[in-house]
Structures are given as structure tokens and as C-alpha cells.
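4 protein chains.
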Amino acid sequence: MSQTIIPTRLVGPLKIVFAKKIFEINVPLATYETPLWRSVGRVARLSCLLDGIQTTVLRDVMTRSILLEADSAQTLFDILKDLQRKSENLKELVEKSSKFAKFHSYHAEVIGNLLYLRLAITTGDAAGHNMVTKAAEQVLDWLLKEYPQLKYVSLSGNYCVDKKVSAVNGILGRGKSVVAELTITEELCIKHLRVSPKDIYNLHIKKNLLGSILAGSLRSANAHFANMLLAFYLATGQDAANIVEGSQGITHVELRGNDLYFSVSLPNIIVGTVGNGKDLPFVQENLKTLGCLEKRPIGENSKRLAAIAAATVLCGELSLLAAFCNRGELMRSHEVLERK
Amino acid sequence: MSQTIIPTRLVGPLKIVFAKKIFEINVPLATYETPLWRSVGRVARLSCLLDGIQTTVLRDVMTRSILLEADSAQTLFDILKDLQRKSENLKELVEKSSKFAKFHSYHAEVIGNLLYLRLAITTGDAAGHNMVTKAAEQVLDWLLKEYPQLKYVSLSGNYCVDKKVSAVNGILGRGKSVVAELTITEELCIKHLRVSPKDIYNLHIKKNLLGSILAGSLRSANAHFANMLLAFYLATGQDAANIVEGSQGITHVELRGNDLYFSVSLPNIIVGTVGNGKDLPFVQENLKTLGCLEKRPIGENSKRLAAIAAATVLCGELSLLAAFCNRGELMRSHEVLERK
Amino acid sequence: MSQTIIPTRLVGPLKIVFAKKIFEINVPLATYETPLWRSVGRVARLSCLLDGIQTTVLRDVMTRSILLEADSAQTLFDILKDLQRKSENLKELVEKSSKFAKFHSYHAEVIGNLLYLRLAITTGDAAGHNMVTKAAEQVLDWLLKEYPQLKYVSLSGNYCVDKKVSAVNGILGRGKSVVAELTITEELCIKHLRVSPKDIYNLHIKKNLLGSILAGSLRSANAHFANMLLAFYLATGQDAANIVEGSQGITHVELRGNDLYFSVSLPNIIVGTVGNGKDLPFVQENLKTLGCLEKRPIGENSKRLAAIAAATVLCGELSLLAAFCNRGELMRSHEVLERK
Amino acid sequence: MSQTIIPTRLVGPLKIVFAKKIFEINVPLATYETPLWRSVGRVARLSCLLDGIQTTVLRDVMTRSILLEADSAQTLFDILKDLQRKSENLKELVEKSSKFAKFHSYHAEVIGNLLYLRLAITTGDAAGHNMVTKAAEQVLDWLLKEYPQLKYVSLSGNYCVDKKVSAVNGILGRGKSVVAELTITEELCIKHLRVSPKDIYNLHIKKNLLGSILAGSLRSANAHFANMLLAFYLATGQDAANIVEGSQGITHVELRGNDLYFSVSLPNIIVGTVGNGKDLPFVQENLKTLGCLEKRPIGENSKRLAAIAAATVLCGELSLLAAFCNRGELMRSHEVLERK
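Protein chains in written order, with our numbering: chain D, 5 to 344; chain H, 5 to 344; chain A, 5 to 344; chain U, 5 to 344.
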């Protein structure tokens, strides 16, 4: 057993509004791409001169889709009608499977004689991959007994969707859906980022929106969410393969008078403060620094973690767009910093 | 400065055919999700009992798309017609920008009065992010001088596409496009994976193909390429945010008589054996273990690295599909291994 | 005012199972691509020798998404929480707006400070475009009064989604979601289509599934649903631009022993038996031929029409796949028929 | 044999710049949705008060993808390398297959042991569906003889892509890629459309760009291209199922000082002035009205037709966006007009 050691630095401070409280924190980022620290840091520090980055957690569920088959769509339709009257059973099965699992909802898709049943479950402060798998096992067992017309195909039908690009995760939810917003006065924008709000806005439209559409992107319009998410996930002991779905998010910018309204919406942030990977000493330390190991109602620590992740993404996103407005800045900063 | 330390293990041996040579190697995988080691390992060892995993590198380019604008599409059309006669200039500019950069091609897209020009460049043994950025800078400068009707918008127009889901990367290429293939006799399949080739095949169709289509995936049909790529990229000092595009790949399975033909096609593996992150001691050691620091023609070490990455992905992919065929196996293995 | 006259022919008979009744009908298809008639017809007639094409209508809603904005995501989140308690108001508003409108559900998406509210409504036997627009108007008026923090952006926010490619329509529904299924014995398959079930199956996997994935398709895997839908929509007075979403459907094939199970799933068939375009004499005649102008509970005539549309799609889809299995057949049939 | 008769009206006049010539024409539109005439007509007439709608045809090819298989990716790679040296053979085969076919290029994709070979051909004034199929037949025959390691799978591999949503058609081209642009002074915009350029611009960003991204659209960002394309295709004898790919286009809007720059980019307009469906008397009349049956170099009549199609799309697109800016206008216009 060897070790992979990734350079990590506390970046910030960053001023955040979460759950109607305001606070400043430093954020640990683990990355081989060290210019990222400076990039996130400059907007983080700018946020401290302003009202802070407001975060809103819109949704919180983890999902698993089981896959079954019958002889025909008609059989599945009849079963689904019957199942509607039995959602209490599903709730019971899910909540018996684990102390922290709370049943949220299910969504069914039928293709020919195949049934994809996507379970959405709230998983407390855990990211919840294993918790939903356990719950899915229980539901599967019960379905196969309750409806002998059904046959097992798979515990996961790729409609969950775990670590793969999809449209369903953004629409129906997987992980925490978070919006982070920052309003910047024209003066501070020009002073700290060396660009006007208008330049940021125009670049955003042509690069993030039109460029992404042209590239054949899917429910995703941003410059580089993946970079910040990766560094944040690694430093906080998350399963970083979740950046695949996590990075499918949308930057939205507006001019408000002369000021800049800058927002990032990430419908699929998958993080936990407990569970696999979280008991490593440096992870514990980083979660503590972020104030995410405190006594709080179940689920609140991981929501706070997701909110900080989104705020960090906002910093890096705005910083890169500003750099692209200034021809040559980007290249120089990379060259200078990587040579150090 | 602190450190993020990720558990890493050599998995294997794995039998690979690359560049018409056959060899066995152990592959370092860094992950918080430790059951992955066992999962990849069992198919790796199975490959040693067979003819090995055949790898084919179909394509190798790195890309950057610059973004410019004019007054109208007609102006852009006239410029593009003129540019066709001047591709030699582009070649010269690119190849002057860096010792290892070789011009490959360019692709232009026009939306209204906007021009997205995507440069494809071969970057030797480096992943090439910085090399293409430098080359793009040179091309940009020249274009703005050559065609005063053009105005700068961005050094990157999100049509590159770096670390974001897209269709263009798979179609036109970014990174190394690799296919890995393994044929398994029915006997060994049943003995080692406890499933028949037919069961694997049927699950693949319903989960990887239909499930992904249903989920609204995009040029992607696999169970979990992202997991293996992440662990491989981290252990070999790669920029792991590239798993976003890297994981958009396709598993293709066939029954050949009673045997199983199992393949993974990854059009966007982005790896290097030199450059940023590669001089860390453990990275050097891991690259050496993989035989990717040897004296070879330029580009061959990184192609070998990409081929091994694809072969590793194949092992993990087949292993998970086999586990899903056996109800309950997946859950048990996670529970047992994570408790250790 | 001139006229566009499209050649139209009754094709069939076709044997259908709908709402647990079995019947045979001829289907009018309007097309400039006249080989389509023969193509659909041969499988239609084959269905009469078998148990018929079983159809299942899984879902039936029409949608419209209104677009509003506030100062921040937090404001929208608070409004959405309040709105959850007031879904009765939405129901009332919708059902007052039109005699046939029944409120089904709503779905909200927040991006930054923007709110996309997608209303799903059952619209009786009308396709329902205008009915949902009227209902959306009422809801919009009420929301703007109830929540003065909201500002109008658009009566439609492109999240409906009307006549445009999308993922949301398939996942959440728009129009009627129909599955049509036919099981064909090996003998009749070979006799009538000159191919074996196995050949159809293999071609389907490589062309419809893998080919579509490769092409960067989206929630769509079929050979040519659009052709049959267009001809059917035109002949029955539908707004044929709805083939854009209608053709995003999935063919699913299985081998059952030696027999062929062939199915098409179309989540977005948008048809009506009343409303705009339906009072033209030839449309009335065609709807009557299809048995879709009879006295039935509200909505049943249009569901029957959708079921027949799906069955017609199945015929054309299977016929083309069979033709592709026979090299050269396709080309010859086009040449011969178009010269007539 | 019966007839489907679609109400058709000449709308306009419309002022167009095509091939550096400027002219005014009336455009026939066939539709059951009769408010479309007024909607297109008001912007058409506005164009006559301005410099006209400038059109640019960027690209013109028709495509067909054949599908073959071998034992392995390595075999396919070797064949593709060999084929690069033989593109002259492909050219010869294609050009022998039909008087008007000109070889343009080919694009290959490999998935496992499958080869999708996409041929791009210029087809004169025909839409070219049959012409590329004939050419593909010839190429297929030759490939199977030249490379006995290859086996036939299908004459079309769904990578063409005919009448199906895709990313590849926009990126590599299918049909004519046309941009249409119109610049409108603030004064005329307010006078004729009752909205300011700024209102149009803001609505476009939030509805066409963000709304489409959110809906999980693919390389498509417009309000209703499909409506205009359908009416235009039907009236001019085109295969209207091609609106599926045709409607995947992008509206791009800018504010130029106080004026409005409005553009539509349609990469996949598939139209012909000769071939199937074009000899119907009303089609001949409509093509003549559009000036598309004149003696011109091969291909110029169909390019002109595509340019007019794009200009018509622009009119309808701008008109609808303006209507959405004025709350209630849309609903009223539908109600009033449909009752007539």
C-alpha cells in the first residue's frame, strides 16, 4: 500500500451566507493545478469586502434506480397503478433499511417491458451511496415478492445516475441542489478583477452559454466547475468521481444597474460529513475548519458543506472569466505559478 | 500548506497488448473507495489467464478553441475561405510556439457573427493543456492582425472542451482515443466472475445502453468508467478533473459463440508522462512501475499510459457488471471491505 | 390562399389491442415519400396474422412552463415552499380557465434568480396547446399578485418544451406516453420480412442503440419514428411540428426463445381529436375511419388516436430494420416505387 | 388514394440578401396553425423597411453512414490507415454512382469492433437522400471486397443522421448550414414589434439560451424554428420529417448601440428543388415564386431555397419573442385568428 499525496492549501477567507447566518472561512483545496489556489482566493477575498456569497440549498436527496422486467408494458402499467396505493410500503421498507434514510419519492420509467424505478431518499449527513443501495435492495426484494410478474435485472439500472453524465439528475435531483450568488459593485469589480461587469457579462453569454450549446453540452453551462469541485471533494474526503454529475451546472449572470450579479447553480453536489473516507485525520481537520462537524440537526452539517462547495465554485468561476477578459493574463499566471 | 493523502494500491497483474507487444503490469489506483481495488483486481488477474487486453490508440490530439467575432456571418465566411489557403501559417505558428507541438487540424463553427475556432494539436508526452493554450495565443494574435475585421472575445470559447460534458470531444477528438478489448471463454467467465457471458451481455444492453439512453446521457454508455479513471489519474499525477470528459465512453459487448467479447471505447483519455504534477516522487515511481518513463519515440510513453488506463477501466467495468448479475454480491462486498 | 396537397393512402389493415379491446383498422398516411405506405403496410398486415400490436398509454398531460424572476434564489426558495401549501389554488385556477383542463402537477426549476414553473395539465381530447397557455396565463396573473417579489419574464420559458428537442419532456411527460409491442414467431418473421428475429435484434443493437449513442442523440434510439409520425399527424390534422419531440423515442427488442419481441416507446405523442385543424372535412373522415370520433369518456378518443399512432410507428420501424438486414432491398424498393 | 390538404398562404414580402444580391419575395407557408402567417408576415414586411435579411450558406453536404464490423478495433485501425491512402477510390466510387454526386469527405468512428463510416457528398440541387444511399451502396460493396476482414452490418448506422436528433449533424454538417441576420433600429423595433431591442435581448437570454439548457436541449436554442420549417418544407415539397434535425438551431441576439442584431443559425436545412415530391404542380408553382427554378450553376437553386427558409425562420422567431415580451398578446392573437 502506497500513498497518493496531493498538494493542499487553505484558500480565503471567503464570506458566506448560509441558513441566514453570515461567516468567513478558509477553504481547503487539493490539486496538482496549483494556480487554482490564487484564482479562487482572489474572489474569496473580494467576497469579504461585499455582502458575502449567499447560498441556498434547494433540494437534498440521494437516488438509486432498480431495474426490473415483465412480459409487457401493460403488466408494468398495472403494477405501477397498484404501487401508487402502496407508497407507504416503500416508505417503511426504506426507513427500516437504515437509521438515517428517509423516503422522499420514486419515479418510474417504462421502456417496452422494462421498468426503471428511481428511488429518492434523504440520507442525513452521509453522501448516501451505500444507504440508497441498501434501501434499494429492500425495495427490490419486496417488489419481487409482491409482484411475481416481475423479474430482477439489476440493482442499478443506470438511471440513478451515479458518476455519469445525465439529464435526469438535474431535473429530478441527486445530491444537494445549491445556488450561490454574489453581487459586486462596478468599482470593486474593476479594482480587484481588472474588468468591468459588462465585460464579464458579455464573455459569459458567448463562452458559457453559446459555446457550451455549440459544443453539444447537456444541462451544463460553465467555464470550469469541475476544477473547484475536484479540489474541494479530494480535500474533504468525498468520492471525487461525483464531479462528473456535479460539474453539470449553470452559471447565470446579470447586470444590475452598473453592478454585477454573478451566480452558479449546481443541482448535483454530492458530499457528506460522515461515512466512507471521512475518518482520515486530515479530512477530519478540514471538515472541522469548515465548521461542518458541529452538533446540528441531522443533515445540516452536510448541507453547510455543500453550500461552501458551491461558494468555492463561484469564486473560481468568476476568477477565470475575469482572466479570459484580460488577454494573456491567464497564460502568464499559469507560467509564473507553475514554475515556482 | 497541508496534504491530502489518498490510499493507493498496486492492483493486478494485468495482461495487456499494446503496440503489438504483450506484457503484464501492476496498476496503481488511488481511491477512498477501496472496494475498487478488489473489483479491478479480479478481472486483471483473469486477463493473465487469457490472451490479455488488446488496446488500440486510434487518435491523439489536444485542443483549444479560440472565440472571435465580426460584424456578420458573411464576413466570417469570407475569412474562413481565405484561411483555408493559409493553413500552412497556422501550422507554422503552432509549431513555433512549443518544441513538441505539432499542428493537426482546425475546425470552425459560426453562430451568427461569432466564430469558434477549435485547434487540434499533438503535444508529445504531455497532456498538453498549457501547450495548446500557448499555441492558441499565437494563432489568436496572428488572426487579429491578418483579419482586422475580427475582434477578440476569448482565448477559450468552451468549444475545446476542457473538463465539461460535450459531444464535440468524442466526435472530433480530445486526448487519446483508446479501445480496450478482452475475449473470455465461457468457462473462465463462469469460474472467475460467477456469471455466464449471456448474463453479462443482457445486463449490459438493459443497463448500460437502454438505461443510459433513458437517463438522458450523451455519447456515454457505461456503468462506472469514472471510478477507475479517477483512481488512475490521481495515482499518476494527472489533472483528474479530466474524468468529466474521460468518462463519456462506451462499453460494447458481444457473444462470440459461447464466449464473451467485452470492450470499452474511451475517446477522451487525457494523460501525460511529463508536465505539471509529474515530478512528484510517488508519481515518478508509479509511472516507472507502468513502464512509461522509458526512452521511446516522442508521444509513445503517454500513449502507453493511456492504453493502460483503458485496460484498467475495462477490468473495473466488467467486474461491476458481473457483480450486478449476482444479486446481493455488490452490497456485501462493499460492507465487508469498508469495515476492514 | 392556395393549397398544399399531400398524397395520402389508407394503409393496413393493422391489428391493435387498445384498452383491452382488439380491432383491425386502416391507417391514413400523408407523405411525399410514398414507399412509406408499402413499408408500414407489410408489417400492419403481418400483425393481423398474430395477436396484434398491444398498446399501453402510460401517461397523458400537456405542459407549459412560465418564467419569472426575483432578486435571489433565496426569495424563490421561500416562495416555492409557500406555494407547496397552495397547490389547491393552482388547481382551481387551472380548472377555471377551461372546461376540459384538469390540473395534474407542477415542477419548478431555479437557476440563479430565475424560476421556471412547468405546469402539467390534462386537456381532454384536445392536443391542448392553447388550453395550457390559457391556464398558464391565469397562474401567472395569480402568482404575480400573490408574490409581489416576482417579476414577469415570459409566458413560455422553453422548459415546456414545445416542438424542440429536450430531455425534460421524456422524463416528466408531454403529450401521451405510449408503448406498442408485437411478438412475432420466427416462422412468420422469416416468411414475411425475409429476416430472422436474430438478425433484426443484432441490427437494432448496433444501429438503433449504439449508432444513436455515437451520433450524440438524446433520449432517442430508433431508425425513423419521425417518418411515420409526420404522415400520421398530417393526415389527422395534428400540428406536425410536434414530431420533433414525438420522434424522441426508443425501440426495444428482445429474443424470446426463437421469437421476436419488438416494441416502440414514444413518451411524447401529441395528438387531439378536437381543436385546431380537426374540422377540415378530410380530417374528420380520417378520424372517423380510425374510430376516434365516437362517444367515449373525455380523453379516450385522443388516447385511442395516440395508441394507433404508436402502432403505426412500430410497423414502419420494424419494416425498415428488416429492409436494412437485406442488403440492397431498401434501395431497390425506393427506386421502383418512386418511378411509378 | 385520398388527399391531405393543408391551408397555404403567401406571406410577405420579405427582403433578402443572398449571394450578394438583394430581392423581395413572398413565401408560401402551409400550416394548420394559421396565426403563423401573420406572425412571420409582420417581420417580413419590417425587413423591407430595413437593409433586408442577410443570408450566408456556410456548408452544403448530404451524408450517409454505413456500418461494418471486424474482429477487433486493431483490425479497423489498420484498415482506416490504409483507407487514408485510398480516398481517391472513394471519390471515384461516389462520383460514378450519380451524375450530380461530388465526394466531399468521410468521417470514421470506431466503437469496439464496429466501424461507422459517415460519407459526406454534395448532391447538386437535390436534397440528396437517395443519392447518398446509392453512393453508400457502391462504397460498401467496394470496402467489403477490398477488406475481406470487414462484414456488412447496415447500409445506415444511425450516424448519418437522418430525421433524428443528434450532435454530429450540427458539428460535421448535414444539409445546408445557413445563417440569417437582420439589424433593426430601435425606432422601427418599437414601432412595429411594440418592444424595445433590450426587451427582446433579455427574453432571448432567459428563454432561448437558459431555458433550453435547463430543458436538456442539445445544440439547439430557439423559440420555435420547427413551426416555420414545417410550413416551408410542406409548401415546397420537401420531406418535412427533416424538421427534426433542421430545428436544432441557435438564435443569437446582440445589442448594437440601441439597435437590435438578430440572427438565426441553422446548420441542417435539408431542401431540394429537384427530386421526389418536387414535380407536383403546386410545388412547381411555389418554387417558381421563390425564384428557385431558374437556370443557375448546379446547386445554386437549392442554396437559394435554403437561404429563404432561414430568412423565414428568422421572421417567425423574432415575431414570437416580441409577442412574449408583451404579456397577453400571444394568447389574444391565437384566439382571434383561429376563430376566423
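In case anyone wonders, no lab produced these hints; they're calculated from the structure. Hints are not guaranteed to be accurate.
Note: identical chains are not told apart, hence a pair may lie in one copy or across any two.
As the list claims (entries may be wrong) - Taking lysine-lysine pairs in the DSBU-like style, the calculated list, with each CA pair at most 35 Å apart, reads:
id, residue 1, residue 2
1, Lys195, Lys155
2, Lys292, Lys155
3, Lys149, Lys195
4, Lys202, Lys85
5, Lys138, Lys195
6, Lys195, Lys90
7, Lys299, Lys155
8, Lys149, Lys292
9, Lys85, Lys292
Here is what the structure says about each hint:
1. Lys195 with Lys155: between (64 Å within a copy, 24 Å between copies)
2. Lys292 with Lys155: Neither way: Lys292 and Lys155 sit 46 Å apart in one copy and 41 Å across, limit 35 Å.
3. Lys149 with Lys195: between (67 Å within a copy, 30 Å between copies)
4. Lys202 with Lys85: between (53 Å within a copy, 32 Å between copies)
5. Lys138 with Lys195: Cα proximity of Lys138 and Lys195: across copies only (27 Å, versus 53 Å in one copy).
6. Lys195 with Lys90: neither (60 Å within a copy, 41 Å between copies)
7. Lys299 with Lys155: neither (44 Å within a copy, 39 Å between copies)
8. Lys149 with Lys292: Intra 46 Å, inter 45 Å, cutoff 35 Å: neither.
9. Lys85 with Lys292: Answer is between; shortest inter-copy Cα gap is 31 Å, intra-copy 47 Å.
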